[in-house]
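Asker: Each chain is listed here by its residues.
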Amino acid sequence: MYDIIKEVKPAVLLFLAFSLLTGLVYPLVITGVVQMAMPERADGSLIVVDGHVVGSELIGQNFSGPGYFHGRPSAVSYAANGSGASNLGPTSSRLMDEVRRRVEQVRMENNLPQNTPVPADLVQSSASGLDPHISMEGAMLQVPRIAKARGFPESEVKLLVYQTIEPAQFGILGQERVNVLKLNLALDDLTRRR
Amino acid sequence: MLTELAYVALLLGALLVLAAPTGRYIAKVFGGEQTLLSPLIRPIEQGLYEIVDIDESREMSWKTYVSALLVFNILGIAAVFLLQELQGRLPFNPEGLGAVRWDTALNTAVSFTTNTNWQSYSGEQTLAYLTQMLGLTVQNFLSAAVGLAAAMAVVRGFARKNADGIGNFWVDLTRSVLYLLLPLAIVWALIFVSQGVVQTLGPYVISHGLEGAEQVIALGPAASQDAIKFLGTNGGGFFNANSAHPFENPTPLTDFLQVLGMLLIPASLPFAFGSMIKNHQQGKAIFASMLVLYVMGLGVGLWAETSGNPLLEKLGVAGGVNMEGKETRFGVVPSLLFAQSTTVTSCGGVDSMHDSLMPLAGLVLLFNMAIGEVIFGGVGVGLIGIFFYAIMTMFLAGLMIGRTPELFGKKLEPFEMIMAVIGLLAPSVTLLIFAAVAIVLPQGLSSLNNAGPHGLSEILYAFASACGNNGSAFAGLNANTVFYNLATAFGMLVGRFATILPALALAGSLAQKRIVPASSATLPAASPLFVIMLVGTVIIVGALTFFPVFVLGPILEHLLMQSGTTF
Numbered sequence: 001m002y003d004i005i006k007e008v009k010p011a012v013l014l015f016l017a018f019s020l021l022t023g024l025v026y027p028l029v030i031t032g033v034v035q036m037a038m039p040e041r042a043d044g045s046l047i048v049v050d051g052h053v054v055g056s057e058l059i060g061q062n063f064s065g066p067g068y069f070h071g072r073p074s075a076v077s078y079a080a081n082g083s084g085a086s087n088l089g090p091t092s093s094r095l096m097d098e099v100r101r102r103v104e105q106v107r108m109e110n111n112l113p114q115n116t117p118v119p120a121d122l123v124q125s126s127a128s129g130l131d132p133h134i135s136m137e138g139a140m141l142q143v144p145r146i147a148k149a150r151g152f153p154e155s156e157v158k159l160l161v162y163q164t165i166e167p168a169q170f171g172i173l174g175q176e177r178v179n180v181l182k183l184n185l186a187l188d189d190l191t192r193r194r
Numbered sequence: 195m196l197t198e199l200a201y202v203a204l205l206l207g208a209l210l211v212l213a214a215p216t217g218r219y220i221a222k223v224f225g226g227e228q229t230l231l232s233p234l235i236r237p238i239e240q241g242l243y244e245i246v247d248i249d250e251s252r253e254m255s256w257k258t259y260v261s262a263l264l265v266f267n268i269l270g271i272a273a274v275f276l277l278q279e280l281q282g283r284l285p286f287n288p289e290g291l292g293a294v295r296w297d298t299a300l301n302t303a304v305s306f307t308t309n310t311n312w313q314s315y316s317g318e319q320t321l322a323y324l325t326q327m328l329g330l331t332v333q334n335f336l337s338a339a340v341g342l343a344a345a346m347a348v349v350r351g352f353a354r355k356n357a358d359g360i361g362n363f364w365v366d367l368t369r370s371v372l373y374l375l376l377p378l379a380i381v382w383a384l385i386f387v388s389q390g391v392v393q394t395l396g397p398y399v400i401s402h403g404l405e406g407a408e409q410v411i412a413l414g415p416a417a418s419q420d421a422i423k424f425l426g427t428n429g430g431g432f433f434n435a436n437s438a439h440p441f442e443n444p445t446p447l448t449d450f451l452q453v454l455g456m457l458l459i460p461a462s463l464p465f466a467f468g469s470m471i472k473n474h475q476q477g478k479a480i481f482a483s484m485l486v487l488y489v490m491g492l493g494v495g496l497w498a499e500t501s502g503n504p505l506l507e508k509l510g511v512a513g514g515v516n517m518e519g520k521e522t523r524f525g526v527v528p529s530l531l532f533a534q535s536t537t538v539t540s541c542g543g544v545d546s547m548h549d550s551l552m553p554l555a556g557l558v559l560l561f562n563m564a565i566g567e568v569i570f571g572g573v574g575v576g577l578i579g580i581f582f583y584a585i586m587t588m589f590l591a592g593l594m595i596g597r598t599p600e601l602f603g604k605k606l607e608p609f610e611m612i613m614a615v616i617g618l619l620a621p622s623v624t625l626l627i628f629a630a631v632a633i634v635l636p637q638g639l640s641s642l643n644n645a646g647p648h649g650l651s652e653i654l655y656a657f658a659s660a661c662g663n664n665g666s667a668f669a670g671l672n673a674n675t676v677f678y679n680l681a682t683a684f685g686m687l688v689g690r691f692a693t694i695l696p697a698l699a700l701a702g703s704l705a706q707k708r709i710v711p712a713s714s715a716t717l718p719a720a721s722p723l724f725v726i727m728l729v730g731t732v733i734i735v736g737a738l739t740f741f742p743v744f745v746l747g748p749i750l751e752h753l754l755m756q757s758g759t760t761f
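Residue numbers (our numbering), protein chains in the order written: chain Z, 1 to 194; chain B, 195 to 761.
Just so you know, these hints were derived from the structure itself, not from any lab.
Computed from a predicted structure; not experimentally measured.
Backbone N, C-alpha and C fix where the C-beta goes; we use that ideal spot for every residue, glycine too.
There could be a bad hint or two in this list.
Unchecked claim - Across the chosen pairs, the derived CB separations fall in these ranges:
#1 B/504 / Z/108: 22 to 28 Å
#2 Z/48 / B/504: 44 to 50 Å
#3 B/231 / Z/5: 30 to 36 Å
#4 Z/37 / B/408: 26 to 32 Å
#5 Z/50 / B/236: 51 to 57 Å
#6 B/637 / Z/32: 43 to 49 Å
#7 Z/37 / B/691: 41 to 47 Å
#8 Z/24 / B/635: 40 to 46 Å
#9 B/592 / Z/37: 55 to 61 Å
#10 B/691 / Z/24: 24 to 30 Å
#11 B/234 / Z/32: 16 to 22 Å
To be verified - List time: in silico BS3-like cross-link candidates among lysine-lysine, alpha-carbon distance up to 30 Å:
#12 B/222 / B/707
#13 B/257 / Z/6
#14 B/707 / Z/6
#15 Z/6 / B/355
#16 B/707 / B/472
#17 B/257 / Z/9
#18 Z/6 / B/222
#19 B/222 / Z/9
Work the whole structure out from these sequences, hints included.
Answerer: Have a look at this one:
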């Protein structure tokens with residue numbers, strides 16, 4: 001017992017010292033440095049159009065109109081203040097029902113023949129509910145629909161997709177992908193210029 | 195596929211290159227030798243000792259060491275609990291979040307203090323910035339430092355002879371933070387922000403999307419916590435989706451650094467051990483055993499996950515690829531690499547939702563945690579865990595040849611055996627008992643998100659994660675109930691202290707022994723034979739304890755999935 005009492009004083013003092021150092025000094029100094037050096041990054045990579053925040057390039061948002069590329073299904077309806085996933089397992093009948101419905105929807109919206117395989121990312125919900133990307137295949141599949149809705153030639157829409165591709169980082173990390181919000185912004189931009 | 199394998203190879207390569215020098219650095223730090231950072235940090239260290247009135251050269255007996263460690267942890271639990279209850283009246287709370295429900299707050303306080311970082315709450319909806327910084331970020335550092343201190347004390351037990359002391363807890367704690375965790379965290383945090391991890395004290399931003407929908411975008415000082423979340427094998431997410439959240443893990447580079455971060459210190463500790471007992475071959479042998487186990491699990495997991503889900507393929511998903519609960523920027527292979535790494539270590543951060551992984555991939559993760567996270571393991575506690583298994587291995591070998599077992603030159607007697615067995619079995623027994631209780635109680639079953647064998651896996655995973663101090667989850671299980679908050683909190687305390695306390699007792703006992711010179715009858719512990727036996731012991735002990743219940747969970751689910759059954 002004497003042992004324990006003797007260690008209380010250093011315990012309290014050291015706890016306070018480390019709380020100050022790692023709980024206030026460290027995070028606040030990092031905040032100060034990055035707010036000076038790279039504020040856009042530190043503040044959430046927000047995209048501002050005409051003085052209004054339209055979203056963050058890192059955070060997915062819901063697109064349902066035929067003239068926009070659609071992103072991944074989201075278990076939290078793209079609530080950027082309440083991220084989350086379905087957490088449905090590989091033998092869940094609820095998951096199977098959802099995927100079946102989405103596969104049909106993707107085929108219908110994009111005028112695909114029955115039995116066309118659909119890219120996995122378009123019909124299964126993401127881990128964060130905020131995935132900003134889709135796969136190349138997922139984007140290409142939507143090109144004819146968007147070209148039709150916007151009245152552009154398909155080649156022009158395809159070109160936009162290619163210009164928006166984010167390659168694997170350093171050629172080796174991660175997979176090739178397309179940022180949906182950036183792509184749709186480019187589409188709107190193209191519409192405005194025509 | 196080729197780039198994905200290259201990704202795995204790059205990670206293992208980086209680990210092989212960095213682990214040995216980091217290990218030697220750690221050995222120097224805890225040996226009190228001059229290091230590269232000493233001119234900068236030594237004055238701060240001495241200043242701290244002066245303020246707190248700590249005599250650096252004072253050696254502690256194992257009992258004193260335990261007392262200091264316990265007092266320090268009780269303070270930590272109290273502080274994190276109080277911060278959550280009072281956050282509504284404190285600054286750095288732009289969203290005006292109020293007091294956290296008592297059972298959730300208690301669970302969180304225990305969770306972060308025990309290096310588990312199990313989370314039954316949603317970060318962006320529950321915790322003020324002040325609680326995240328002054329409560330959780332602090333414990334991210336300190337719980338890792340406590341684990342590292344304990345491991346260093348145990349290593350001294352092997353290194354010393356006829357000694358009463360095993361080091362000074364306050365000194366070990368201070369050096370862990372100042373020389374290792376804080377400098378690395380600063381580097382990691384700055385790289386993270388450059389990639390897009392947020393770091394701000396401003397309020398959440400309201401945006402109006404291209405289709406006119408309003409989106410409230412949660413922000414916060416995430417990068418500073420994210421960095422230590424991995425380096426300290428903590429794993430608690432700033433946001434609910436943890437490292438699947440784009441603000442917590444925005445690019446493949448951050449993903450790579452997160453995996454590297456969680457493996458770095460645990461993988462370097464065997465080398466630190468080798469340096470400290472002046473037998474580098476010994477350190478290599480332990481590292482090799484861990485690496486073999488890591489690669490075996492990774493192989494099974496990758497095979498299971500890349501095989502895809504036949505049920506999805508039937509529905510028209512190209513290749514049956516399982517992207518449920520995964521992020522596009524990572525894809526299948528890096529997600530699985532992350533999942534394997536986060537469960538072999540005690541990290542528990544996730545970049546994909548483990549609940550939605552293929553059954554046999556989930557089995558590998560369960561196994562990693564249930565054996566006590568000794569494949570690299572948590573900062574400090576992983577090394578302690580593998581020592582327990584090494585003691586068991588030598589005991590078995592001793593039985594075979596009818597000789598008193600020895601390990602690293604120390605005779606293993608009944609006291610050492612008892613401590614090792616407590617450290618190995620207490621978490622496993624707690625896991626199985628709690629899982630059994632949860633299965634028969636309505637409070638246990640009503641939280642399930644999935645039916646059938648996957649439901650059993652959800653419960654098993656929760657208690658394996660709590661008792662292994664991991665913190666990852668089959669997150670469909672609603673753990674934010676009084677039952678699960680209290681049950682997992684108890685599991686976390688057992689998982690932490692029923693391994694660290696026996697380990698320190700072991701250290702005290704070993705330090706007093708003399709070192710037995712190796713003879714022709716000694717089984718050399720720095721040999722391939724030892725590696726094979728150690729790997730075998732880990733697998734056999736794990737299989738004997740958990741095989742029956744794993745058959746009813748993930749293995750049954752795999753078979754039913756192949757036959758087309760859903761629940």
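Asker: Check each numbered hint against the structure and report the violated ones by number, ascending.
Answerer: Per hint list: zero violations.
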